[in-house]
Amino acid sequence: MKIGMNLLLWSGHVGPEHADVLRAIKATGFAGVEVPVFDPSDRGHFAVLGAMLDDLGLECTAVALIPDEAHSPLSPEASARQAAIDHLSRVIDCCKALGAQGLVGPYFQPLGVFSGEGATEAELERCVGVHRAIAGKARDAGLFCALEPLNRFECYMLNTCEQASAYLDRLDEPGFGILYDTFHAHIEEKDPVAALRTAWEKGHVNHVHISENDRGTPGRGHARIRETIRALKSMGYDGWLTIEAFGKALPELAAATRVWRDFFSDPSEVYTEGYRYISECWEG
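Each residue of the sequence shown is one higher than the last, beginning at 9 in our numbering.
Hints listed in this document are in silico derivations from the structure and should not be mistaken for laboratory results.
In this text, a Cβ means the ideal position worked out from N, Cα and C, and glycines have one as well.
One or more hints might be untrue.
Unchecked claim - Using 20 Å as the maximum straight-line C-alpha spacing, the simulated PhoX-like pairs for lysine-lysine come out as follows: (1) Lys10 with Lys241; (2) Lys210 with Lys198; (3) Lys241 with Lys210; (4) Lys10 with Lys34; (5) Lys145 with Lys104.
What the hints assert, rightly or not - Label-pair distances were calculated between CB atoms; the ranges are: (6) Asp94 with Glu209: 30 to 40 Å; (7) Asp246 with Ala35: 45 to 55 Å; (8) Pro259 with Gly292: 34 to 44 Å; (9) Ala35 with Gly292: 17 to 27 Å.
Please model the complete structure; the sequences and the hints are all you need to start from.
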């Protein structure tokens, strides 16, 4: 098991100016960080960042999104689906330059866009076509791919582990799995830990976000984080437990995730207390 820290707490475009934060994360004990790759236009930027992470002794994964409806994998417009393929291909190029181990996130539809119903068969098939188009390139880049079911207030395609598992069966690409997030599971699953176990038994879980019910400091809320970590350990999970918390540093992301107030006194509280809490849960 490796404990990671998602860098969206500070920025959607991490660079050398975040060196002090990265050093503090390393000093706390983290094995690595999760880097947002939201703007894949500059591969060189991520190569420089990757070298900096290597120098600090930090491993990394990468998180990506679908930027807008013009790049939607669900779109009936072939041009939008091709734009999604092109966007995700550039993201993969940046991940390779970064030295990322995995590409995670809800890169199946743009955030906050709704149709008024759940995903249709046609939309699911269109999305499968996009993900199959990038699967080989992701494999060649040495990436595992983890799709993140989100709560129903942020997306409509994948909200539960059951839906995500059904999608993975439809996709039938071994490099793809589920990013299980304790925040979203807290909202959408009737029994979050049972849903995790079922997805694990199907061989689908390959990444985990530790996120509190209010998006704040892990261990200070009532999401079933302790039970989740104990279940993962008992099942033999040996991947990332990555803290994801949000503040108001990124206005667009704050709007999409409905973050209107501060959930912690300082970001250092999130990563120091969060690291300690995850370690205690795992060892306990």
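Handout entry: Numbers of the earlier hints that this structure fails to satisfy, in rising order
Key = Violated hint (a single one): 7; every other hint is consistent with the structure.
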